[in-house]
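Keeping their order, the protein sequence lines are chains W and P. Everything in the first sequence is counted per this note's numbering, starting at 1 for the first residue and increasing by one. Everything in the second sequence is counted per this note's numbering, starting at 1 for the first residue and increasing by one.
Hints should not be assumed to be uniformly reliable.
As the list makes no split between identical chains, a pair holds if one copy fits it or if it spans any two.
[As the list claims (entries may be wrong)] When the alpha-carbon atoms are kept at most 27 Å apart in a straight line, the in silico BS3-like pairs for lysine-lysine are as follows:
#, residue 1, residue 2
1, Lys658, Lys748
2, Lys529, Lys275
3, Lys773, Lys660
Keep in mind that the hints were calculated from the coordinates and are not lab data. Fair warning: this is a prediction, and the values are worked out from it, not measured in the lab.
There are 2 protein chains.
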Amino acid sequence: MTAVSEHQAGTRDDELVRALAAPDDTEIAQLDAWWRANNYLTIGQIYLGGNPLLREPLSAEHIKPRLLGHWGTSPGLSLIYAHVSRLIRRTGQQAIYLAGPGHGGPALVAAGYLEGTYSEVYPDVSQDEAGMLRLFRQFSSPGGIPSHVSVTTPGSIHEGGELGYVLVHAFGAVMDNPDLLAVAVVGDGEAETGPLEGSWKGVSFINPARDGAVLPILHLNGAKIAGPTVLARKDPAEVRALLQGHGYEIIEVTGADLPGMHHRFAAALAEAWGKIRAIQQAAREGEWDGTRPRWPLIILRSPKGWTGPEEVDGIKVTGSWRSHQVPLSGVRDNPEHLAILDTWLRSYRPEELFDPTGAPTELVRALAPEGDLRMSASPHANGGRLTEDLDLPDFRDYAIEVPRPAAQHAESTRKLGEMMRDIYARNPYSFRLFCPDETNSNRLGAIFEVSDRGFMEHVTDEDVKISRDGRVMEVLSEHNCHGWLEGYTLTGRHGMFATYEAFAMVSASQTVQHGKWLQEAKHLPWRAKVPSLNVLLTSTAWRNDHNGFSHQGPGLIQVVLTQRGDVARVYLPPDANTLLSVADHCFRSRSYINLIVIDKQPQLQFLTMDEAIEHCTRGAGIWEWAGTDDGTSDPDIVLACAGDVVTMETVAAAQILKEKLLGLKVRVVNVVDLMTLVRPKDHPHGMSETMFTELFTDTVDVVFSFHGYPGAIHQLVHGRPDADRFRVRGFIEQGTTTTPFDMTVRNKASRYHLVMDAINNAKRLPRGATELKTWCEQQLAKHETYVVEHLEDMPEVRDWTLGDWAEQG
Amino acid sequence: MTAVSEHQAGTRDDELVRALAAPDDTEIAQLDAWWRANNYLTIGQIYLGGNPLLREPLSAEHIKPRLLGHWGTSPGLSLIYAHVSRLIRRTGQQAIYLAGPGHGGPALVAAGYLEGTYSEVYPDVSQDEAGMLRLFRQFSSPGGIPSHVSVTTPGSIHEGGELGYVLVHAFGAVMDNPDLLAVAVVGDGEAETGPLEGSWKGVSFINPARDGAVLPILHLNGAKIAGPTVLARKDPAEVRALLQGHGYEIIEVTGADLPGMHHRFAAALAEAWGKIRAIQQAAREGEWDGTRPRWPLIILRSPKGWTGPEEVDGIKVTGSWRSHQVPLSGVRDNPEHLAILDTWLRSYRPEELFDPTGAPTELVRALAPEGDLRMSASPHANGGRLTEDLDLPDFRDYAIEVPRPAAQHAESTRKLGEMMRDIYARNPYSFRLFCPDETNSNRLGAIFEVSDRGFMEHVTDEDVKISRDGRVMEVLSEHNCHGWLEGYTLTGRHGMFATYEAFAMVSASQTVQHGKWLQEAKHLPWRAKVPSLNVLLTSTAWRNDHNGFSHQGPGLIQVVLTQRGDVARVYLPPDANTLLSVADHCFRSRSYINLIVIDKQPQLQFLTMDEAIEHCTRGAGIWEWAGTDDGTSDPDIVLACAGDVVTMETVAAAQILKEKLLGLKVRVVNVVDLMTLVRPKDHPHGMSETMFTELFTDTVDVVFSFHGYPGAIHQLVHGRPDADRFRVRGFIEQGTTTTPFDMTVRNKASRYHLVMDAINNAKRLPRGATELKTWCEQQLAKHETYVVEHLEDMPEVRDWTLGDWAEQG
């Protein structure tokens, strides 16, 4: 980005701040004109289906048949937009705008329209009367645009529908983005949510030298849908204390008077910007003592529905929750309401704001920045434009030697940690790991060889691998980790969120919402693709020896399966080499949600790197070495598996069958890319009917051992030839603090269960099957006894892996 | 509860507070003895498999083969337990203990054991040497108990595995529970989570006259798994400001010195209790001016792993994250470590703590309360013991007259609102609605005729239905709403969480974790069943005209389907009368998660109350009036549906087929209770094979129109006769701000799609089928054109309901 302000060079910041703080009358008039135009266009979107410039008297036929939209928060959003635009124009500051109260969509759409960006990306919504009419009509209409700030809104990286994430997105956006200012408006309704309250602490992780800045603006307009908010009704001293406690310097602007509010908000914004610049300059010029800066924060108290009708039908509207959505609801049928609307719209003096063609006048545009500096046009808010491929090492360099399959154990994620260590080193400004305090626990600690954890609060001499300069982001909040990564990728950089499998459900709604964002973005040619959201789930349900049932839940797979095929990807690599291959693929991909599930504990290794690459490329394949299938005809039974522990059990089951039931033709199929199971018409990764039949046959029963809930497989294979023949074992909500083998027994997914399933479902049974079933039952009974007796005599708790079993003969 | 303290009567609180604040040497000795005993038993659980009383020198064979558990947080938890026990003993205060750092399980298990409760509920874990050995061996062992505070821990209503909910559970527990004190320990790791940060504001909703009190104790021990925490490393003045900002009066206790810490913590606890009593007495004696009280909060700063080994192998352990789990890991093989453990254990002087039989000595038990006042035995923490049936009105009194099916519209949830209004009135202390600011929006506003919203911050004259006395709980936080209801029901009271369907995913992990709790509780005979967690999902995916794609997501159904059949219930009543019948059933039920999904908008009404009752009792049934199936033989096609909008479309499709394809035998099946689809062996509600065949036949194709994601039905019907014949339409992630009919078109689930599906899959086709398919395609094309043209000519946006369609002929 090369845009440079006329003011930037040669003007010292403090002079600039003084000038910014004291707009002259001309500037006030220009600010107010923008604001009026923005408000006018907002109301037009909610109400008008005709007569956009009010060139004729307003009549019922100009009113939309159905009134939808949110007025209450919009004037505050627009006021802030106008003032930040002036700041950008005067300083050349690169800035993006995140609207926490994203239901104030029309305000941000209007701003993009005033800036010209809207017409650039949607040429039919031109800056003239016809375009304005289209702007109005499309809003909240079938075939038009949604009512919220959303993917379709240029300049946005934040859909404000599900509240709570505006600050996490903002903080993620500014990491490794030193020149960026993210202006994040927090609504006071949103401020009641847990995720938002947990996100103020972003300042405890932002390095003023290396990162950009977030300027939170807490917009207290007092009400949510139907009642007051906590922060608006608390003693203001308490609100200040709360935010000071989070580490901010508070600047307050309160009122509804004009032009007073313009003067005071301009002064507040100037002060905030000045503080930010001072903090950054000190840090960047080596004058920072390392104390966490007190970043500025603005509290703006202005009436909900400000500049709207004070009263309707004798009841107060402006300044109350009644202005949340459509303050005048009966406009079409009620002449009095129509008259109020007419007066209201004309109070903005549209004739001063739009020229005869309908384009914004010079008065309106005087303080607006141009080109990429326009917040609606910032490339940071269309991060794909700034995305560069990662400089990736060759993942084959981290391969584990696998001389023969299922013979040795390794911690697979440790190899991924080594690969990510080198990705960190090669990409010092564009790759981060986000993890709730579990980087080491998840065996990814090699990263700490090249980067500390980042932390701006007090660090002691005894602390390990944590510093101001660290770029590994550990905070015990899945919401922060997930949201930061979203902000980081939506602004064009790469990363991974690694978490305990069960607790991925904490941020499941973020996964859902980000998926929706990516789904919609694919339909907009002007939105460049962004790096994928890579989620590594480890410390899985099957290996939580240390923790209890609360830590056992593969639910996020189920959630990702609900998303559209154009974004959802689920990988279950069974060992280190497949993990490396999958990770490499994910780091290269764009605009997906890549879910990778693999445990961190020592686990059997199956494939050499070459085999792993081939296997991952196909997504699923027959493991001939594991079965007894000679490939010349259909097997008697297919044992399929997806997931590490269940693959181990499947391979073990096949081995038992091989040794104890001579003549049974067993085929072992492993699935790495879960979406290959789906029909190609439902998912681009879906394997062809031919390949499906090659793997699973058309008629032979399949015993499928799955890492997650069994229902997932049933829904995935629906529509495949005779899907009823799939018998699925998986996690059936049986868990506690116990050994992994006991976990498989509790969930009826142990090798012995699989052997019995195979016998019960095989097309043809050699002699000895009944005896083998009995033997399996005995083994399980032995295990039961063993567990019960265990409390009495405390034998060694054995981790019955395949290797152990093999040794037992 | 009738337990009365010897001290309670006749002693004024301030005298009591003074006495509590200054324990004499005897009391200090007693407090310390309890604490030492509690710590000893904690370490014993982590390490010892033999020699529980250290009667012999410690040797490797006494050490468990695998060392699991969390030591770091435990001594702090135990110190607090000891002091609160003394408070109870001296004051008769009813109290429960919620351990946010619930991985400190052994500390709470030990406390329950010392109090005798543990042996009462688990007689084989007796208060003698053999029992103590069993206590140690069972911990974190296969067949034993999990490592966390969990369902198996007497006195707990809070599993601390997934962090963040300790305060919401505590606040829910004290609502309408004026005599209860909930002591809620917040760990400083947990304090980083969003849900926890969003839960401090519970004090803004607690009425000191009617509700009990929460005493939060923020336990800053400085570290989480592998690094420091934000709150522990912030300037203490900032931490104070933060919590004062939330509305608390801060009391701090810092240090590691003994007995100094006992003196200071006793004084702090006394001060806190005195403040609570003063606030409550003022409010209850009419001396409250209505200002939100400043409730006390204790910040306890003590070292992580306090009283553990200072150093191991020359590296600092106590006071560092290294003491988080097992500070000495090599005890079995490393004689030096073994010696450290021996010294460490003996430092507590077990010979003073346990008598020759192994029972706790009088010194240890001197300050412990008895009977139901023991926190581990409190009936509030086994809420089923206190649960009384709701006094329910007859739900039939709210019935909608339905002279003929599918002929009139009504807002179904409005009738539920009327029913809940009367439940509120009849049960003024044991029923609450929890809702994120959407009670009116969800058409449940009739409740406000008998109760305001509860709010303790400033209320103005202009506010409506909000007051100190309100008992409707509105806060814009799904986490708070869900968690408060959990706390409320786990302490034996009833309620409902009503929320926008899509945003139920925000608290999905709470639904998961609560489900796990209920699942496990069913296996414990001593845990009495509690009222169910009733979740009403409304403002659904299909009817979010006002909002965008972010508001469209039926994901929670998918999540609940992953839970075990003994707790998971999903209901999709299609109209008002079925909703009333379902709600009545749910309000009477115990220990389930009842998910009820129905939209709030005006919708077609299908069944009379008598029909609704019969239909809901069966859970699914044939709607003969809607189809052309004469019941004498199998139909040509089954049109099945579950959910309101999709039922409307299904009935409409059947009507089209009836009118336009004479001779086709169409059967319409509606499913209210989703779990009836599952095989009876997988869910108790699963319908018999016979009934399944009666409804769906064995071989006729089924076009199933489902409210949620189609995959849900595929997984539910797996294993039913020829499950492949189910062709499912549902929500496929297509959405925006649009009309409900357009939503069905976008998701390929409109009446026209269903008609075409029926034709494509019917067993037998009368003449005219091809023409009808063409007609359907024309209708859809007309709709497309209509949508596209709409932006140009702005015709009325029609909500094509069945009634409209019927009128069109």
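**Asked** Does the structure break any of the earlier hints, and which numbers would those be?
**Response** Going through the list in order, the structure violates hint 2 alone and respects the others.
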